[in-house]
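Protein chains in written order, with full-length UniProt numbering: chain A, 1 to 274; chain B, 1 to 274.
Wrong hints could be hidden among the right ones.
In silico DSSO-like cross-links for lysine-lysine, where the CA-CA straight-line distance does not exceed 27 Å [unchecked claim]:
{"id": "1", "chain 1": "B", "residue 1": "Lys50", "chain 2": "A", "residue 2": "Lys200"}
{"id": "2", "chain 1": "B", "residue 1": "Lys33", "chain 2": "A", "residue 2": "Lys200"}
{"id": "3", "chain 1": "A", "residue 1": "Lys29", "chain 2": "B", "residue 2": "Lys106"}
Source of the hints: derived by calculation from the structure; they are not laboratory data.
Number of protein chains: 2
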Amino acid sequence: MRTIFYISDGTALTAEAFGRAMLSMFPLKVEHKTLAFIDTESKAQQAVAKINAAHEATGERPVIFHTFVSLELKRVITSCTGSCYDFLDYFVAPLSRELGMDAQPKTNRTHGIEENGVRDSYDSRIEAVNYSLANDDGSNISDYDQADIILLGVSRTGKTPTSLYLALHYGIKAANYPLTEDDNMENLQLPKVLKQQRHKIFGLTLEPQRLHEIRSKRREGSRYASLQQCRFELQEVEKMYRREAIPFLDSTRFSVEEIAAKILAETNLERHHY
Amino acid sequence: MRTIFYISDGTALTAEAFGRAMLSMFPLKVEHKTLAFIDTESKAQQAVAKINAAHEATGERPVIFHTFVSLELKRVITSCTGSCYDFLDYFVAPLSRELGMDAQPKTNRTHGIEENGVRDSYDSRIEAVNYSLANDDGSNISDYDQADIILLGVSRTGKTPTSLYLALHYGIKAANYPLTEDDNMENLQLPKVLKQQRHKIFGLTLEPQRLHEIRSKRREGSRYASLQQCRFELQEVEKMYRREAIPFLDSTRFSVEEIAAKILAETNLERHHY
Chain A
1 MRTIFYISDG TALTAEAFGR AMLSMFPLKV EHKTLAFIDT ESKAQQAVAK INAAHEATGE
61 RPVIFHTFVS LELKRVITSC TGSCYDFLDY FVAPLSRELG MDAQPKTNRT HGIEENGVRD
121 SYDSRIEAVN YSLANDDGSN ISDYDQADII LLGVSRTGKT PTSLYLALHY GIKAANYPLT
181 EDDNMENLQL PKVLKQQRHK IFGLTLEPQR LHEIRSKRRE GSRYASLQQC RFELQEVEKM
241 YRREAIPFLD STRFSVEEIA AKILAETNLE RHHY
Chain B
1 MRTIFYISDG TALTAEAFGR AMLSMFPLKV EHKTLAFIDT ESKAQQAVAK INAAHEATGE
61 RPVIFHTFVS LELKRVITSC TGSCYDFLDY FVAPLSRELG MDAQPKTNRT HGIEENGVRD
121 SYDSRIEAVN YSLANDDGSN ISDYDQADII LLGVSRTGKT PTSLYLALHY GIKAANYPLT
181 EDDNMENLQL PKVLKQQRHK IFGLTLEPQR LHEIRSKRRE GSRYASLQQC RFELQEVEKM
241 YRREAIPFLD STRFSVEEIA AKILAETNLE RHHY
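Just chain A, with the same shape it has in the complex:
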């Protein structure tokens, strides 16, 4: 099996994103290894030793995705026996010509606390996380005026992970409100507290079979988890979404990253962080 190394003098998050995107095009089983904060020559030499050892152990050349600010350290890394890819390197010159300015590489600028010298954007993400936590699961409805978006859905349709992702990744204040049996499922209406916030609401739904599986992990054999109950709740909630013209998404086949990106694409939500 190939060993894939993601190496950087910073977090290596960029090297990981780059490598993951490249590898997604090849149907290949691999072993991943991240070596982050390789910021001294001796650490770089240890990294090279690890790469070469993986090469010997597996008999296959490791593949290395790396992003270094320091040319010295980059030189050490590329002296390994693996196959090295550095996407920054290739694109810097053309982008520099296009922008009419020289590159000024600096460690940790991509995932650091300051974005273009501004700390506010980072703080707004942390504030959004705190907001989303405090407004998870229908708590604190008095704060809905501050929400950027309110996710609506029956229990276990992915509201919480999605709202936390929106907050952490984009700095979006995402509240979420669960529809439960208290909301009278037989004649489901948009809860009163949400009526004034209608423009902020986004609905989530799932296929009944998937919801049944997820709920069964929680309370196996219960009425709550039964396929019949799941089917009923989802049917009622989707009927309400349509009647109230609430945009909604069936998240069965989507990851939290995809759900979040689809919500952003379908609404006019402004990101507070890029």
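Since the structure of chain A is already known, use the hints to place chain B on it.
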């Protein structure tokens, strides 16, 4: 101001990561626009119209970072008047030679719900998020056996955002435990419930001034937020970390991404997701 477009027939997360890393090398104020799920020719033509309109409005050529699986759609996008960068394109051929196989591009493989055909890795991330939420702020200490890591620190030192990030991004079950006045700060000991879990503990700390600022936003003028109290608590907790040989990190200058990456680099925590 330059307009930067991130465009893809999927989430555009890869295009964003690529563009952000490239732009981090240039001290430049820009406006960001993401156009995700551009998966039909008419959407691609609308995207081109937006790019060309931004060009006319600003008088500066927009910069486009794009990743498309469909060659047709890619051709439409690159017909715009902006400056286009596609990193996948350039690296596919050499990586294909190295791996000895042809690329098999497929939309949404990078950020989709299946990772190399396996859904388990995705589900383990959602499970980790649920775990971290249930074990936030010292609740549920009976579940600590299942924790991959337990973050320790005084109030407002970044435990919660860090544990949620570890869960969402890496599928790591991260509990967190706050040290409060109940723990007798004058003679701070490692709480009893944590003694058996010592090998899982990682401490967070901050500079007193920063903690004072953060707490002041919450309870301005309180003893809790005073610089004196912050200084005292941090001093006591760091003393305990040293005495108990608990690894710790001063997170003052780091983003949640950096804190998480540093924790992974300093511990032997295994990621459940790449």
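Here's how the hints hold up against the structure:
1. B/Lys50 - A/Lys200: 26 Å, holds
2. B/Lys33 - A/Lys200: 21 Å, holds
3. A/Lys29 - B/Lys106: 16 Å, holds
Violated hints are absent here; each numbered hint is respected by the structure.
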